[in-house]
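Colleague: Under mature numbering (1 follows the signal peptide of the UniProt record, and there is no 0), the residues of the sequence shown are numbered -23 to -1, 1 to 130, in order.
Keep in mind the hints are simulated off the structure, nothing from the lab.
Every residue gets a Cβ at the ideal spot worked out from N, C-alpha and C, and that includes glycine.
A couple of the hints might just be wrong.
The calculated lysine to aspartate or glutamate pairs, modelled on EDC-like cross-linking and capped at a C-alpha distance of 16 angstroms, are [what the hints assert, rightly or not]:
hint: 1; residue 1: LYS12; residue 2: ASP32
hint: 2; residue 1: LYS12; residue 2: ASP37
hint: 3; residue 1: LYS99; residue 2: ASP37
hint: 4; residue 1: LYS28; residue 2: ASP125
hint: 5; residue 1: LYS99; residue 2: ASP36
What follows is a list of derived Cβ distance ranges for each label pair [as the list claims (entries may be wrong)]:
hint: 6; residue 1: SER89; residue 2: THR15; range: 40 to 48 angstroms
hint: 7; residue 1: TRP56; residue 2: THR34; range: 18 to 26 angstroms
hint: 8; residue 1: ALA120; residue 2: ALA90; range: 17 to 25 angstroms
hint: 9; residue 1: CYS16; residue 2: THR54; range: 21 to 29 angstroms
hint: 10; residue 1: THR54; residue 2: GLY82; range: 41 to 49 angstroms
hint: 11; residue 1: LYS12; residue 2: PRO55; range: 20 to 28 angstroms
hint: 12; residue 1: LYS12; residue 2: PHE115; range: 19 to 27 angstroms
hint: 13; residue 1: PRO127; residue 2: PRO55; range: 41 to 49 angstroms
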Amino acid sequence: MNRTALAVAAAAALLAAPATAVAAPVAAAPAAATKTTTCGASGLQAGLMTKVCADVTGDDVQLWGQISLAGPPSPGTPWPPRPEELITSLSADVVGGNALGAVRGGTVFTVSAVRVGGVGGKVACGSTVHASFSVSSFSRFSAPVTVDVPVVC
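Given the sequences, and given the hints that come with them, work out the whole structure.
Modeller: Given below as structure tokens:
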């Protein structure tokens, strides 16, 4: 018998045979929590653009601040700019509740965006988290940017 005849005979045998195989029920996989990122309004601090954001996944909240160039350099500005030593502070708390933490430290900014994190934790559903991010340098004071994020589970 050639291959085509064998394939036709096998298919006919399968169609004629009673179906005895039953598919096992498949348990539904638990729905994965979706990560939602919310950022507050950006602001200028130490001559740079800053913002503070919160990543919320279920009842877990992770906060971060970002530092980036405020725009293209002015004509005649040396490129790349010299590195700038910055002092950063990121803090967060549950409104009417406990603090989620704070980090303060030095950061060197050159051209690429810098992300500062390390604050967060589990928060009760229905709570609101308030976060603040400030950036200052030797000659410039900070004007913190903030965000208020509801935790909807």
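Colleague: Taking the hints in turn, state whether each one holds.
Modeller: Hints and how they fare:
{"no.": "1", "hint": "LYS12 - ASP32", "result": "6 angstroms, holds"}
{"no.": "2", "hint": "LYS12 - ASP37", "result": "9 angstroms, holds"}
{"no.": "3", "hint": "LYS99 - ASP37", "result": "4 angstroms, holds"}
{"no.": "4", "hint": "LYS28 - ASP125", "result": "12 angstroms, holds"}
{"no.": "5", "hint": "LYS99 - ASP36", "result": "5 angstroms, holds"}
{"no.": "6", "hint": "SER89 - THR15: 40 to 48 angstroms", "result": "23 angstroms, violated"}
{"no.": "7", "hint": "TRP56 - THR34: 18 to 26 angstroms", "result": "39 angstroms, violated"}
{"no.": "8", "hint": "ALA120 - ALA90: 17 to 25 angstroms", "result": "19 angstroms, holds"}
{"no.": "9", "hint": "CYS16 - THR54: 21 to 29 angstroms", "result": "27 angstroms, holds"}
{"no.": "10", "hint": "THR54 - GLY82: 41 to 49 angstroms", "result": "28 angstroms, violated"}
{"no.": "11", "hint": "LYS12 - PRO55: 20 to 28 angstroms", "result": "40 angstroms, violated"}
{"no.": "12", "hint": "LYS12 - PHE115: 19 to 27 angstroms", "result": "37 angstroms, violated"}
{"no.": "13", "hint": "PRO127 - PRO55: 41 to 49 angstroms", "result": "45 angstroms, holds"}
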